[in-house]
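J.: In the order they appear, the protein sequences are chains A and B. Once you know that position 188 of the first sequence is 188 in the numbering used here, the rest is easy, because the numbers rise by one and skip nothing. Once you know that position 22 of the second sequence is 22 in the numbering used here, the rest is easy, because the numbers rise by one and skip nothing.
Hints listed in this document are in silico derivations from the structure and should not be mistaken for laboratory results. Do not take every clue at face value.
[As the list claims (entries may be wrong)] One side of the interface only, derived from the structure: several residues of chain B facing chain A at Cβ under 8 Å: (1) 42; (2) 46; (3) 49; (4) 52; (5) 53; (6) 56; (7) 60; (8) 62; (9) 78; (10) 80; (11) 82.
This structure is a prediction, so every number in the text was calculated from the model and none was measured. No residue lacks a Cβ here, since even glycine has one placed at the ideal position from N, Cα and C.
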Amino acid sequence: MKITIASGKGGTGKTFVSTNLFFAIQQEGTPVTLIDCDAEEPNVMEFFSGIRTEQYPIIQKVPVIHDDLCTYCDKCREYCNYNAIICLPQAKHIQVLEDLCHDCGACLAACQYNAITEKEKTLGHVSVYSLSSGASVVEGRLSIGVYSPIPVIKGAMHYPHQEENTLFDAPPGISCPFIATADKADYVVLVTEPTPFGLNDLKLSVQTLDTLQKSYGVVINRSGLGDNSIYEWLEEKGIPILAEIPFDKEIARVYSEGRLIAEVNPGYRYFFSNLYQKIQNHAGNCSSQR
Amino acid sequence: MKVAITSTGNTPESLLDSRFGRCAYFVIYDTQSKSTEYIPNPNKDSLEGAGPASIQLVASKGVEKVISGEFGAKVKSVFDRLQIQLIVIKDQEKTIKEILDLL
Ligand code: SF4
Ligand code: SF4
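With the rest of the complex left out, here is chain B (with noise of 0.2 Å):
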């Protein structure tokens, strides 16, 4: 299964970006092959429809969990629409690594 998680930079230190739509890097993990891919978010700075354009570069990697600090309600709909299940982390101060290891 594959895990998309927003990230504020792109090695396993970096902390979780608490935005979905304008984080710096989505985290795409792999949980059988064990792989990670940083992508950089090219909608970090749009001025409108950036959770959109995030959800469609997220789903387009086929992930099942998104793993974020929050999530705006629209964002959440079209997920649920999806099926694609969301995992809100309040703690701002969790690496990705620390993240991974709890999948």
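Bound conformation, chain A alone (with noise of 0.2 Å):
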């Protein structure tokens, strides 16, 4: 099964809880991979010690147009449906603005002038760990400056080695990072918190979800702190709550550590087990449904 662990917005325990799950996944001896899909700022690592064992880049084709070949007749713009050149005849001006390329190469098939080559861009790298349990961490990291970490995010998600059984550490939001994430997801995990700010975020990806039709539940962290507006809500949607995770200390102490408070401390390793009983137990109600 393919599971995403995901929040609208960072901060809210969207790693303390994917972390925390593959950890105790292992330990009931069920492998599993964690694929760190938050390209633009990975952090499961922080979390674990294990040797690299591959490292490949993700790289795009983009096209470099030659000033002294091109005529400026301007075809190769029209032809891009991504905004991404630039052709301004008077002013003898062109320009591909690499960001935006989708690589789909129709620039290239529409110049009849031969003024068009591509080059090669490292959008980022993939990474796997091997840790001492024999479980691998894949993490997708992006490289500064570029612009869509979707390639490097799909890159990673595609690593081909992994188990039948993944987790996908989300990039926070709801755009097309998150999507890009929940999509591939048998079922997704929504973390979050128990005030109007993890509401609001909530119902946002929520929303997303239906879109995608995934099934998903959610799971409340740092549960006592806020009010009860989130409980009420997911009680009248019928979304079920996979989890509580209680406001406590140690658990802060040991996060800040880089440690897993499922390894420190029994209890929570059984609270994560329970979890992920759950996580299967709802997500094959959702498929008996359909």
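Each of the two chains sits in its own frame; use the hints to bring them together as a complex.
T.: Dropping the structure here:
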């Protein structure tokens, strides 16, 4: 099963849940891979030590336009659906905006003057770490200055040697990077806080997941801190609460030390095993309903 | 000389639109003939690349100056290369007419 762990914004405990869940699943003897899809700020490996066994670049081709051959006929720009080319015949100006290029090849096909060639651009890297437990953590990391993290996220998510059971640690937010990560999952775990802000973000995430027709459940982090509105809303919508993580100083301390509470405290190991059980039950129910 | 101004509407009473790439209209003003043209911005709702597409549009009109509420870093760098001058007006309450009077 592929499970995405996501949150509407950063700092709600998404990585806390994904790393501890990963640990608890391994302890049960189930092979599992954890993939850090937050390519702009990957941080999963801060909680594990392991050896890097593989690293490969994610490469995109981008067009290069040669001024000396270009006649400024404007055809390549007309063919580009992504506004990635600016062509101003009067000013004799032509420019590719690499950030916007989707590597579709249309401009190359359009140019009749052989003025366009391609070069390779490195968008980021996928690294694979082998932990002492034998499990692997895969990390996508965007190169500095690259605009869209999507190709690197997809590159990490398609790591060919991942186990049948994989956890995707999603990028924060509800835009394309999150959608790319949720889209491949059989089940999505939304981590939130019981505050008005948390509820607001949760509503947006839920809307997106409904559009994608995903099954999902909610983990409430730092429960007991905010108000009741989130519980009322979840009840009204019939969205399951998979777990509530209490506000606990020990959790905060262990997390800030870069360690896993499920490893330090057996009670929490049990807690996360339980969460995994609930996810499986719930995902099973959802798929049998379809 | 031609000047482009981002506008929220298609009359002189319309307010300046603070966004460049996704503004509602472009006003193209010719300081010699004193003529104005209002062009609806086709890139208003583009998911991506509204900035560059809008540069393409105003630059192909031959403007030498662009007036808006703000410009992104990428947009700025392209305009720099085209040697088109950018003017930022922070006052959101300014109408197109008031801006034209300043030119
Ligand atoms: S490859 Fe496609 S997206 Fe990139 S500049 Fe050419 S036409 Fe545009
Ligand atoms: S199609 Fe080729 S010749 Fe025409 S503007 Fe583009 S690069 Fe230049």
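J.: Look at each hint and say if it fits the structure.
T.: So, going through the hints one by one against the coordinates:
no. : hint : in the structure
1   : 42   : 11 Å, violated
2   : 46   : 7 Å, holds
3   : 49   : 3 Å, holds
4   : 52   : 5 Å, holds
5   : 53   : 4 Å, holds
6   : 56   : 5 Å, holds
7   : 60   : 6 Å, holds
8   : 62   : 7 Å, holds
9   : 78   : 6 Å, holds
10  : 80   : 12 Å, violated
11  : 82   : 6 Å, holds
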